[in-house]
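Construct the entire structure; sequences and hints are all you get.
Number of protein chains: 2
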Amino acid sequence: MTNASRITHHGILYGVGVGPGDPELLTLKAVRALKAADVIAIPKSKEESDSIAISIVKGIVDLSNKETVELIFPMTKDKEILRRARGDAAAAIADRLKAGKNVACITLGDPMFYSTFSYLVPLVREKLPKAEIEIIPGISSVMASAAAAVIPLAEADERLAVIPATYETEKLRNVLNDFDTIVLMKVNKIFDKVLSLLSESGLKNRAVFVERCGGDKERVVRNLESLRGERLDYLSMVIVKK
Amino acid sequence: MTNASRITHHGILYGVGVGPGDPELLTLKAVRALKAADVIAIPKSKEESDSIAISIVKGIVDLSNKETVELIFPMTKDKEILRRARGDAAAAIADRLKAGKNVACITLGDPMFYSTFSYLVPLVREKLPKAEIEIIPGISSVMASAAAAVIPLAEADERLAVIPATYETEKLRNVLNDFDTIVLMKVNKIFDKVLSLLSESGLKNRAVFVERCGGDKERVVRNLESLRGERLDYLSMVIVKK
Chain A
1 MTNASRITHH GILYGVGVGP GDPELLTLKA VRALKAADVI AIPKSKEESD
51 SIAISIVKGI VDLSNKETVE LIFPMTKDKE ILRRARGDAA AAIADRLKAG
101 KNVACITLGD PMFYSTFSYL VPLVREKLPK AEIEIIPGIS SVMASAAAAV
151 IPLAEADERL AVIPATYETE KLRNVLNDFD TIVLMKVNKI FDKVLSLLSE
201 SGLKNRAVFV ERCGGDKERV VRNLESLRGE RLDYLSMVIV KK
Chain B
1 MTNASRITHH GILYGVGVGP GDPELLTLKA VRALKAADVI AIPKSKEESD
51 SIAISIVKGI VDLSNKETVE LIFPMTKDKE ILRRARGDAA AAIADRLKAG
101 KNVACITLGD PMFYSTFSYL VPLVREKLPK AEIEIIPGIS SVMASAAAAV
151 IPLAEADERL AVIPATYETE KLRNVLNDFD TIVLMKVNKI FDKVLSLLSE
201 SGLKNRAVFV ERCGGDKERV VRNLESLRGE RLDYLSMVIV KK
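In order, the protein sequence lines correspond to chains A and B. Residue 108 in my numbering sits at position 108 of the first sequence; the count goes up by one each step and never skips. Residue 91 in my numbering sits at position 91 of the second sequence; the count goes up by one each step and never skips.
Quick caveat, the hints were computed from the structure, so don't treat them as lab data. Do not take every clue at face value.
Copies of one chain are not kept apart here, so a pair can be met inside one copy or by any two copies together.
The list that follows gives simulated cross-link-like pairs (lysine-lysine, DSSO-like), each with its CA atoms no further than 27 Å apart [said to hold, decoys possible]:
1) LYS189 with LYS46
2) LYS242 with LYS77
3) LYS171 with LYS189
4) LYS58 with LYS44
5) LYS186 with LYS242
6) LYS35 with LYS58
7) LYS242 with LYS171
8) LYS241 with LYS77
9) LYS46 with LYS79
10) LYS127 with LYS241
11) LYS242 with LYS130
12) LYS241 with LYS79
13) LYS130 with LYS241
14) LYS242 with LYS79
15) LYS186 with LYS241
16) LYS101 with LYS35
17) LYS204 with LYS171
18) LYS217 with LYS130
19) LYS127 with LYS242
20) LYS58 with LYS101
21) LYS241 with LYS217
22) LYS171 with LYS241
Here you go:
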């Protein structure tokens, strides 16, 4: 790319879903975008942790000739700290787009489903209103977990709810009552409470626990009671199929 | 494969999600399974219609040396006709597995999400209890539509509901009230009713219509009112994001 075109043409921002853990669950489109990108942006929850998303990508794409930029998101509920971290991340992306570079921002699973990337879209647009943004969907951990457990998420006229298990008990109870399939995300934090609720609703034997789906440490557990008291991975969910 | 191993080893059944329409949204794993399969099984809704799923696969995988088997599912609510069609389809698959052939049954979107494949799993297992079945998840039209419309399906502690728009009005109203994001499937059949309901709930401007996502005829329409009275494709949905 010549210097002149760098000045007049912004790069494109790709939000790339890399799937739940298995590098083979990358799409052809994701692989193409990652190979063509000048910059790989890697959202990370903490400075010290390894990004699972980048380890997936490394299995398929040679990163040696690319710039990689880590976007650090602290694990906090402090809104001011979050606001600043997101602003910094959006600025890091916008700077590279302005320089004419194509940026692929990778996301575990799908970019529009419980991802950090969706927060960045409006912030990048604020800084660079004409930014061209393309989202490349990825295999969500929900679909991958249903595949691993061989549980249909929805058939015919059924209704599916996806909710964080951290919801108040009464609301969880209502959703368990109203829907045909219920996916409980973030279940590790309050697994024993969820277990009691499922027991009480008579749904314990209709539930499957799936952890780290698609990765080396994948576990599918149908006897939920056997997990009581265990320390569970945060990449885990319970699928309840009535 | 020798005749002897044919007798002792059954083939493997792969349920392969081929994504919503763009051949590039196939995963690497789906491409590998399709290339390695002896038989491609193609569920079709009617004898005369073309399968969208197979047209996606043809863009990527050479089918000339493979057997293709069409599995015909009539568009009917007649349970006896459906039961027979599903039984025939499962038998067609089981026969090939018994002959030691690997069968890839293709599914538009994801095999565990509103697909015909999920009905076949228990029926194939009935005929061939030891059948090895592997599900390869696919990009769901829900994720692809959210990507096309750049609408986050869920962030942080949000709740997502996916329901057929054909539900009774009162139940639809409750779901629209209780969830942060609501995906209304099969919206083509009762679009004007949905439009009135969204209008009444003050959500019309928070909704996006997406049709044939990922295909050549993809449409993303944010002014839902402009669609009133129009004949819509059955591969369409409305995403409501509060």
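Status of the hints after comparison with the structure:
| no. | hint | verdict |
| --- | --- | --- |
| 1 | LYS189 with LYS46 | within (19 Å within a copy, 47 Å between copies) |
| 2 | LYS242 with LYS77 | between (35 Å within a copy, 22 Å between copies) |
| 3 | LYS171 with LYS189 | within (17 Å within a copy, 31 Å between copies) |
| 4 | LYS58 with LYS44 | within (16 Å within a copy, 38 Å between copies) |
| 5 | LYS186 with LYS242 | both (20 Å within a copy, 22 Å between copies) |
| 6 | LYS35 with LYS58 | both (11 Å within a copy, 24 Å between copies) |
| 7 | LYS242 with LYS171 | both (18 Å within a copy, 18 Å between copies) |
| 8 | LYS241 with LYS77 | between (32 Å within a copy, 23 Å between copies) |
| 9 | LYS46 with LYS79 | within (16 Å within a copy, 54 Å between copies) |
| 10 | LYS127 with LYS241 | between (44 Å within a copy, 24 Å between copies) |
| 11 | LYS242 with LYS130 | between (47 Å within a copy, 25 Å between copies) |
| 12 | LYS241 with LYS79 | between (36 Å within a copy, 22 Å between copies) |
| 13 | LYS130 with LYS241 | between (44 Å within a copy, 23 Å between copies) |
| 14 | LYS242 with LYS79 | between (38 Å within a copy, 21 Å between copies) |
| 15 | LYS186 with LYS241 | both (18 Å within a copy, 21 Å between copies) |
| 16 | LYS101 with LYS35 | within (13 Å within a copy, 35 Å between copies) |
| 17 | LYS204 with LYS171 | both (18 Å within a copy, 26 Å between copies) |
| 18 | LYS217 with LYS130 | between (42 Å within a copy, 25 Å between copies) |
| 19 | LYS127 with LYS242 | between (47 Å within a copy, 24 Å between copies) |
| 20 | LYS58 with LYS101 | within (20 Å within a copy, 34 Å between copies) |
| 21 | LYS241 with LYS217 | within (24 Å within a copy, 34 Å between copies) |
| 22 | LYS171 with LYS241 | both (18 Å within a copy, 20 Å between copies) |
Comparing the model with each earlier hint shows no violations; every hint is respected.
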